[in-house]
Amino acid sequence: MSLSRYLRRLRWDAERAAELESYIETEAARQMECGMSPAEARAAARRKLGNPTLIREAIYEMNTVAFLDSLWRDLRLAVRNLLRNRSFAIVVVLTLALGIGANTAIFSVVDGAMFRPLSVPDARHLVAIDTAASRETRFGNSSWLDWLDLRQRSRSFQELAIFDHVSASLNPAGAASGVAAQFVRGLMVSGNFFSTLGVPAGLGRTFLPEEDKVPGRDPVVVLGYGFWKNALGADTGIVGKQVRLNGHSFTVIGVTPEWFTGVELFQRPDFYVPVMMTSVLSPNGDGLLVNRSWRSFEMDGRLRPGVTLARAQAEVTVLMRDLERRHPDTNKNCVGIVRYEMERRTEGSNSPAPTILLALVVLVLLIACANVASLMMARAFSRLRETSTQLAMGASRLRLVRQFLTETIVLAVLGLGAGLLMAAACIREFAALLPPEGSPLFRIDGRALAWASSAALVSILFGLAPAILSVRDAWAAVATTRTAVSVHFAFSGLMRRVLIGGQVALSVVLLIAAGLFSRAFVRAEGLDLGFRPDHVLLVELDPSLQGLSPQRSALFHRQLVERVTAISGVRSASFAAWVPFVNGDSWDLSIDGYTTPRGDRFVDTMTDRVAPGYFATMGIPLLCGREFRWQDDKKAPLVAIVNEALARKYMIGQGSIEKALGHILRLREGIPIQVVGVAADSSVDGIGRPVGPVFYLSAMQMGDPKMTLHVRTSGDPGAFVPLVRSQIAALNPEIVPTRVDTLDHVVTQRGLAGTRLLAVLTGGFGVLGLILAIVGLYGVVSFMVGRRTQEIGVRMALGAARGRVLRMIIGNGLALVSAGLVVGLAVSLAVTRLMSSLLFGISPWDIATFASIGAVLVLAAIAASAIPAMRAMRVDPMTALRYE
Amino acid sequence: MARTPKPSRESELLQGTLDLLVLRTLAPGPAHGHTIAHVIETRSEDVLQVEHGSLYPALHRLEDRGWIASFWGTSENNRKARYYRLTAAGRKQLAEQTGRWEQLVAAIGRVLNPAAEENT
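Chains Y and P are the protein sequences, given in the same order.
1023 is the number of the first residue of the first sequence in my numbering; add one for each residue after it.
33 is the number of the first residue of the second sequence in my numbering; add one for each residue after it.
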């Protein structure tokens, strides 16, 4: 049976009708020739043919795909039914849209931030190799020379590539001066970077192997798609043109494809250059290429087909041990660690937050589904008569269940559509809540669609129970008397109780999570950071982008601090390499007199390079010793300040803090650095986490050209921006800040954003769940009141006081809620422990939260049952008695 | 006319036969439904009483299988009628089915009349 004929079956039927008519005419003409009257002849012809309708039906059936046909009829009936009950349909679709939309949105965000592999072909064979990891700290970056050895000697990888982050000033107008240069962030990559990842050029070409052979020879650049599109207006003629990077001319050879978003979640590089051009891009010149201990590269590799991670790890271990033997000065204790690329990206964020969010949003979906199921049941009850009539007239029960199910499917599909629209809107809002600059690309992709569809599928499954139950009830109604039906309905009643109780329990869990997170947010805001974030202006400057030498850059920073300090209203000013919560790095450090329990000397330790006055400006108390002085420069002996955590962990234990002064620290180079001060602990990478060891070096001795000016002001720090800018311009008009911010803002954005996001989202879910549960409760109570109208009428006719009736109904509502409330509280007690790492010390069994959520639920239950109860009290006893 | 209600098993048995008869009737040239019915009746000297109504689903089925094709034409007495003709596939089918039918008849004959078989 061909589909085309199925679709044309109506036309076919008309043809057959005409053909049969022509038979009757021909046969009648023949009979008339034998002498019959026209009427008799026609009648005889008809007898001879048989019933034309049956013949046509037989042929029609032959043309029909029975399943498709009845599906189409079911669909039309479902749509008609839903159009007749528009308010019901709208409530159900909205409920589903809320559940599905919230799920899709959260899934897209969590997936984008956590679970999605790199957007490159065959990403599951990509591995990350850390080589500098001392055994104490495990993970770290790699050096160029180590990479050369590994790449040459390893057999486990198809390709092994490295990359390092760089920033530069880029002048798109080529050699033309006077056009403002842009500050761009990119990657310095080995020549095989793109081929390792399997990324072809979107435009032009990527690097050739020989473009990464000779230092400084090949000034070529590949532009990132986003930068090319946004900053260069998607100029397709860009390939072959020149741009200036830090004042040096580079030839654009290609643009990355749109789908390639870089190798990290939170940064999309503007440009890529070969490592061999490092002399132009980094202040250290070609040092990176000759020092085995300069470990700043990240290494990615692609496993050869059939090579397991364990085999690659075994080989890297052997190779690293050999390097350790041959280069003991630089590679002592260096091991190599091979992980899947995705593991490295997600290892830093082992926070349970994403999982918790996903779990909570699934709860929202379950509440929505339970709600829809009870709505469907109420509706099925109101259609009991209709359904029994259909059954009595011979419809099969299966057929009716299918009809109910078709309605559910129509609703679910509508809900899915609305939910996806909602999710798209939500995702845009999320992006605004997260820290700026290259947050992951959130979008509704195939994976999110699959998630949304499974959510819709769950809702359809929830619709199955009401369908089956109601048809069974209707069957009972046909088979027996109405009294017997109410027995069956007792079971459906139990089902509703379970549904509503479950809804309440789930919303209790949601609300308690929300309550705990909001309390945690308030707590986090009030936590002592160890520094004073108010009234501090931050201005990031990198004079090397304008070609200033490291010496002149240092001089520029020093002069700027002197000028800014002179501005009236400025309390103090200093500069530092890093800003807490924004950036930072860690170096291998050894402390004279300390070895790790495993016998290693070096520990990977957080560090910062700061100028005189830094601790005063940040408001970090100096416990003993002194701050850095301008005299602590290249000519003076190296000095360091450590935080209390470092001093206690590695030097003095519980002893007096002054004893830390005079201790000697060493970097890999081995030059002694004397401790001259101990600062109080202050947060560097997160609020509420225990502060680990940090050491500070003098920026005048170790400084990078890129520094952030810290200015403590007496008034609004934002008001000082023009004054500081004019001082910068007075010193060097070509140097422009690469970032201007206030410390307060940074702390809120970076330190509190995650907690705030959690509080806002779970709060939203909690309120959503509560509303759904109240709507569901209201529906069930009104339904029950409706069914008991007669009983209530009788009670009131017999003299029951209105207050008593009111109490009875509200009591029923409370009884419905209480079981759910108890279960919800119990479940919360069991699961909130999983959140404790995110609560900043708020107990996961916080009594205030549990009690207030309980109270909210009880009030909501009273409100939801009060309205139908009031309605019931207005029942006229006579009407109620005549009800049947 | 001695038309008895047919048990369903018999009609199943006859379905293939009716197809064969229709195909054979169309072998000389195109014909419309009415003609086909009458030709079958007269050729069999009224032994095979085709229920004219059942002819049309059969025609539809044959057309569906591609053994016959149909077109609207004008009948001998100037009426519009739907004509059927054999297709190449139909012609092949006719030959095959005729052969099979003859084998069947011969086989049944041998079973029913073993003596005749031995005598020859």
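Incorrect hints may appear among the rest.
Said to hold, decoys possible - Listed below are the simulated EDC-like cross-link pairs for lysine to aspartate or glutamate, each with C-alpha atoms no more than 20 Å apart in a straight line: (1) P:K112 / Y:D1550; (2) P:K112 / Y:D1035; (3) Y:K1070 / P:E73; (4) Y:K1070 / P:E83; (5) Y:K1070 / P:E77; (6) Y:K1070 / P:D96; (7) P:K112 / Y:E1055; (8) P:K112 / Y:E1047; (9) P:K112 / Y:E1037.
Since the hints were made in silico from the structure, they are not lab data.
Computed from a prediction, not measured in an experiment: that's the story for all the values here.
Hints, verified against the model:
1. With a C-alpha separation of about 99 Å, the suggested pairing of K112 of chain P with D1550 of chain Y is violated against the 20 Å cut-off.
2. A threshold of 20 Å between alpha carbons decides the hint, and for K112 of chain P with D1035 of chain Y the separation of about 17 Å falls inside it, so the pair holds.
3. At most 20 Å may separate the alpha-carbon atoms for a hinted pair to count; K1070 of chain Y and E73 of chain P meet this at roughly 13 Å.
4. Distance hint between K1070 of chain Y and E83 of chain P is fulfilled; the C-alpha atoms sit about 7 Å from each other, no more than 20 Å.
5. Restraint check: the Cα-Cα separation between K1070 of chain Y and E77 of chain P comes to about 17 Å, which is no more than 20 Å; the hinted pair holds.
6. Taken as a hint, the K1070 of chain Y and D96 of chain P pair is broken in the structure, with Cα atoms around 25 Å apart against an allowance of 20 Å.
7. Simply put, K112 of chain P and E1055 of chain Y have alpha-carbon atoms about 19 Å apart, close enough for the 20 Å limit, and the pair holds.
8. As the CA atoms of K112 of chain P and E1047 of chain Y are separated by approximately 10 Å, the hinted pair is consistent with the 20 Å bound.
9. With a CA separation close to 12 Å, the supplied pair K112 of chain P and E1037 of chain Y stays within the 20 Å bound.
Hints 1 and 6, counting from the list given before, are not met by this structure.
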